[in-house]
Amino acid sequence: MAFFELVPEDQLSPESRRHIEMAGKRTPSQAVGPSVRAMAAHPRVLKGFVEVREELNPIPSRFGSGPYIAGMLIAHSVGCRACFNLSRGWLVKLGFDDATLSGYCAAPATLPLAERDRRMVEFTVRLACDRNSVKPSDFRDMERAGFSKEDVLEMIGVAAFWNLATTFGTALDAGLQDE
Amino acid sequence: MAFFDIPKDEDLPAESRKLLDEYQRLTGAKIRASNWQIFGRFPKIIEARFLAWKNLSSDMPFSADARMVAVMLIAHTKRCQLCFAGARFQLDKLGFDEDAMDQMCANPDTLPLEERDRRFVHYTLRIAMDSANLAPKDFREMEQAGFSKDEILEMIAFAAYWNMNIVFSQAALAGLAEE
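Heads up: the protein sequence lines correspond to chains A and B, in order. Using our numbering, read the first sequence as starting at 1415 and increasing by one per residue. Using our numbering, read the second sequence as starting at 48 and increasing by one per residue.
Isolated chain B (complex conformation) (with noise of 0.2 Å):
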């Protein structure tokens, strides 16, 4: 038996049920991701997690297909199964094959984007996966890049936010695998 249950709609507080239904309005999804719904009798996970969302990764200035190759190359190098697994949904959409998926996934230094694109998944990454070792002259290296002080705040919060959300989704499988 799971360590957590997925709770039906009408066992959630109203809040929570609010602002899953907004999240999933505004994501598009047709049904609602189990490692939100999880956490649906905890009201204030679930609005920490809309509000970091809508925050801190939507509405950012870069192409939807860019953010979503550096969703799954964040969570691939951080064996994240949902976040992954969620990102190749959502580029199987925007008409990314499975060959090209794994050829990006293997060499993530090689991606077949526009250079805006490519470099704004290259910089994501690595702050994402070594912020620790990042110096000023990256930071001018992005701003010579095309990007401007406010696109790499937001790279900046888009990396975070990632973090962040694995934290959640690796959990939430973790406490939903059968023992």
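Only chain A is shown next, with the shape it has when bound in the complex (with noise of 0.2 Å):
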């Protein structure tokens, strides 16, 4: 037996079915996951998550498939399958093929994407995993490289979504296992 439980659909708040349908169609299958019918017994943590991510990580992005890209590499770094199956989901629906991002997760360092998109996703999963290396410079080079400072604060804020979600897959997936 699991330690949480999904909450059933009859027994969800109005608010709560609202934030669940919000989540639902931010996924391929337009279903939510486990952890996100997990947090539905927790109506306010629910709301917090299910509303920061529609600001964070807003579909579409100015970025095209490049949050995704980012998420599913930080996913992957953390160890968060919930992330992970969920970014790879939409990737998979946007058109790439399971070899290609096999390939991204194997060698992120040198991601085969447009120039543009490779900075991006590159600086954003620094920001997200590898923080304390980067540097004032690093902020100019992105800047060189043609991104607003709105583009820069854009990428701080997918980041930093992808940590809060990364900690709430992770730690809520391994509630959901069987003992």
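Everything labelled a hint here was simulated from the structure, so no lab data went into it. These figures come from a predicted structure and were not determined experimentally.
Here are the simulated lysine-lysine pairs, BS3-like style, with alpha carbons at most 27 Å apart:
no., chain 1, residue 1, chain 2, residue 2
1, A, Lys1563, B, Lys65
2, A, Lys1549, B, Lys91
3, B, Lys125, A, Lys1563
4, B, Lys125, B, Lys184
Every beta carbon over 12 Å from chain A, so not counted as near; a handful from chain B, in silico:
no., residue
5, Glu57
6, Arg64
7, Asp68
8, Met151
Built from N, CA and C at the ideal position, the CB exists for glycine as well.
Relying on the hints, combine the two individually framed chains into one complex.
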């Protein structure tokens, strides 16, 4: 028996139902995963997670598929299955094949993407996973590569969101495993 | 010259100003936090951070001492100077002296806190730093230690919030540093 339970549909409050629907629209299958269903046991936590995602990881994104490639790599790096599957599901839906995506995960330092996309993904992954290596000059490099300050702020938001999501994802996933 | 600047209030969109005022009022801070103000030109980040703070971090059923010690230790482990300094400032107001705080950073396993607070800090730190290695039995252990499922979800939310917040703070600090 798992520690956390999935909240049945008929036990959701109207507000939680609305948040579950919002979350569902953000998944490739239009159905929320188990971790979001478990989160629904605490409506305020569900609200916080779902509404923050709407703001920090919008669909569509100014960076196209970049936030989901970054999300897949961040989730892969920290071992979050829920976020990895979600990001990968979106990327498959957008036309990426599995072999290509596995190649990205195997060699994240040499992504075969267009220059702008590659820079966006690499910088976002660094902000999420290796922030202490980010120097003031790295921001200027991004500016010289054609990114505006607003673009850079948005990348910080995407990185921050995936750190939030992977913490929830890994912890809830562990609590949803059968003992 | 730094990449980011701290915008003046009059340069901020009205929606950012309103949320920054509300955050300052609710936290009782005398001045605006620079690591929030820096994002003020980008209202959706301010809105996301405010929503996250309100739903995932504030009004938790854990003591202020325990929450601030947890933030200090997460920030110390992740080397976030701004969050570390902020947590120590709050702990100072709560009556902890510098030596006590240094001792807690040096020996996080032997915190001079009430048993429930000590366990809260221990589990929250574990979730923030190592959620990928949590196992179902860890949640049963938390339950046996007297935490309800709702409280455990709140601990996960708190850890996730700080993992997110630290990205904003560290990125802000790097972007505000002189080159």
